[in-house]
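*Asks:* Chains as they are written, first to last, in the numbering used here: chain A, 1 to 134; chain B, 1 to 143.
Be aware that one or more of the hints could be misleading.
[Stated by the list, open to error] Dumping the calculated PhoX-like pairs for lysine-lysine here, alpha-carbon to alpha-carbon at most 20 Å:
hint, chain 1, residue 1, chain 2, residue 2
1, B, 78, B, 10
2, A, 74, B, 122
3, A, 57, A, 74
4, B, 41, A, 15
5, A, 74, B, 87
6, A, 15, A, 74
7, B, 121, B, 60
8, A, 4, A, 36
9, B, 122, A, 15
10, B, 60, B, 36
11, B, 10, B, 60
12, B, 10, B, 121
[Claimed, not checked] Derived Cβ-Cβ restraints for the label pairs, each shown as a range:
hint, chain 1, residue 1, chain 2, residue 2, range
13, B, 67, A, 78, 18 to 28 Å
14, B, 125, A, 112, 19 to 29 Å
15, B, 107, A, 103, 33 to 43 Å
16, B, 105, A, 3, 39 to 49 Å
17, B, 129, A, 132, 20 to 30 Å
18, A, 109, B, 89, 40 to 50 Å
19, A, 50, B, 111, 33 to 43 Å
20, A, 38, B, 107, 27 to 37 Å
21, B, 107, A, 51, 23 to 33 Å
22, B, 117, A, 67, 23 to 33 Å
23, B, 105, A, 79, 28 to 38 Å
24, A, 94, B, 112, 28 to 38 Å
These are computed hints drawn from the structure, not numbers from a lab.
Every residue, glycine too, gets a C-beta built ideally from N, C-alpha and C.
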Amino acid sequence: MERKVVILPCSGIGKPTGEIGRQAAYHVVRKLRPEKTGMVCLARLVVDDPAAIALLKDNYVITLDGCPDDCAKKNVERLGKSVDCALHVADLLDQHPDLHPTGIVNLGDDGLKLVQLMTDQVVSQVDQMIARED
Amino acid sequence: MAMNINMGKKPTRVAIVPCNGEELCEGSLTRLVTRKILEEKRPGQTITMCMPLFSTGDEKQRTFTHRIATITLDGCDKKCCANSAAKQQGRPIHPFVVSEILERHGAQLSGDPQNLTDADKKLVDLLADEIVAEVDRIIAQSN
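Next comes chain B alone, as it looks inside the complex:
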């Protein structure tokens, strides 16, 4: 009996790379938002990579953005993650900045990067929903 082999193209997956900034509450939020999307909102459609590997990773990691659509999620306007990803000169980056999104929504954080308050954590969904909309847009365009 012949095997039914799916010769269609591989499903698109989108990378979300957070800055993980340790100094700011916004940096901690980038981690929570990324995990929320990977584990709950778009599992199977999203992946991540540790941002420092952009500079010290192996060849595959240092050319990561050449192969996969990448959303960068920075905590502040230094935009370390977006700038580092852009240096790879791969596909266009889809940059997001937590502080800019929160400002647009008039939301404020407690300022404690270690112990996020319940109010801080409520903003995870707000941020995640904006990123998910971009994930869906990228996937729709690729199909």
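This is chain A alone, in the form it adopts within the complex:
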């Protein structure tokens, strides 16, 4: 069976980086690569939901973490699964110091540009993983 790519943002609520990762994940899963990707609530992994764990174990996983706590990556690894690609939204902000999100859930124009940049990175990784399956 062809493997898909699970995109897992970090659920961060204290910084704009959490929302940037979340929105980028939605763009990829719902609009750009809906046939090849999927999402699961990170909270379900935190409580060891069997269906959520099975989804991870059978597919590629890309984590999008907003801060150095790496909640998404650590919660995958805690379950004995390696992450295929760990992306960090904070790195993106470091690379674009001219872009300043205006709020934590309302990102503003600069924040939406960062979402687009993050989305591009995720799509690139998804396409590389899917190419391995072909």
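Please build the complex by placing chain B on the supplied structure of chain A, with the hints as guidance.
*Replies:* Quick look at chain B alone, frame taken from chain A:
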């Protein structure tokens, strides 16, 4: 001149921890409701923490509910956030579930977790007001 030092107890703050569930519209609402309360309705009286830190955070984060009254805000009846918080065996959790509140009010969501409609966003205040009432009750009891 002697300094006037306030020796009274620290003001009570209440934590609101949302599940942030990415799969459902209800999960997205938990984020908006939490930020609305923190930034507009009860700033200074409320704090939050990222829910996954209950399991992978440092010692302080993994014992968070031992030190602070915590309201969990889950999107659906899986109640991931409340269950995860309860595992800390700290203070009693104050659990809320978006789907249950909306059902009680006969309200329905669009179902799109990425692009909440104006109708979805109008429910943020309804939900926030229920949580704020609990925040106020917890603070009143502690004083």
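*Asks:* Hint by hint, say whether it matches the structure.
*Replies:* Verification of the supplied hints:
1. B:78 x B:10: 35 Å, violated
2. A:74 x B:122: 35 Å, violated
3. A:57 x A:74: The given pair, whose Cα atoms are some 15 Å apart, holds under the 20 Å limit.
4. B:41 x A:15: 19 Å, holds
5. A:74 x B:87: 18 Å, holds
6. A:15 x A:74: Between residue 15 of chain A and residue 74 of chain A the Cα gap is close to 19 Å, so the pair holds against 20 Å.
7. B:121 x B:60: Cα-Cα ~34 Å, so violated.
8. A:4 x A:36: 5 Å, holds
9. B:122 x A:15: 23 Å, violated
10. B:60 x B:36: With Cα atoms ~26 Å apart, residue 60 of chain B and residue 36 of chain B exceed 20 Å; violated.
11. B:10 x B:60: The hint holds at about 19 Å.
12. B:10 x B:121: Not OK: residue 10 of chain B and residue 121 of chain B at ~35 Å, beyond 20 Å, violated.
13. B:67 x A:78: 18 to 28 Å: Check passed, 24 Å falls within 18 to 28 Å.
14. B:125 x A:112: 19 to 29 Å: 25 Å, holds
15. B:107 x A:103: 33 to 43 Å: 25 Å, violated
16. B:105 x A:3: 39 to 49 Å: 42 Å, holds
17. B:129 x A:132: 20 to 30 Å: 50 Å, violated
18. A:109 x B:89: 40 to 50 Å: 45 Å, holds
19. A:50 x B:111: 33 to 43 Å: 25 Å, violated
20. A:38 x B:107: 27 to 37 Å: 28 Å, holds
21. B:107 x A:51: 23 to 33 Å: Since residue 107 of chain B and residue 51 of chain A have Cβ atoms about 28 Å apart, the given range 23 to 33 Å holds.
22. B:117 x A:67: 23 to 33 Å: 30 Å, holds
23. B:105 x A:79: 28 to 38 Å: 37 Å, holds
24. A:94 x B:112: 28 to 38 Å: Roughly 32 Å apart at Cβ, these two residues keep to the hinted range, so it holds.
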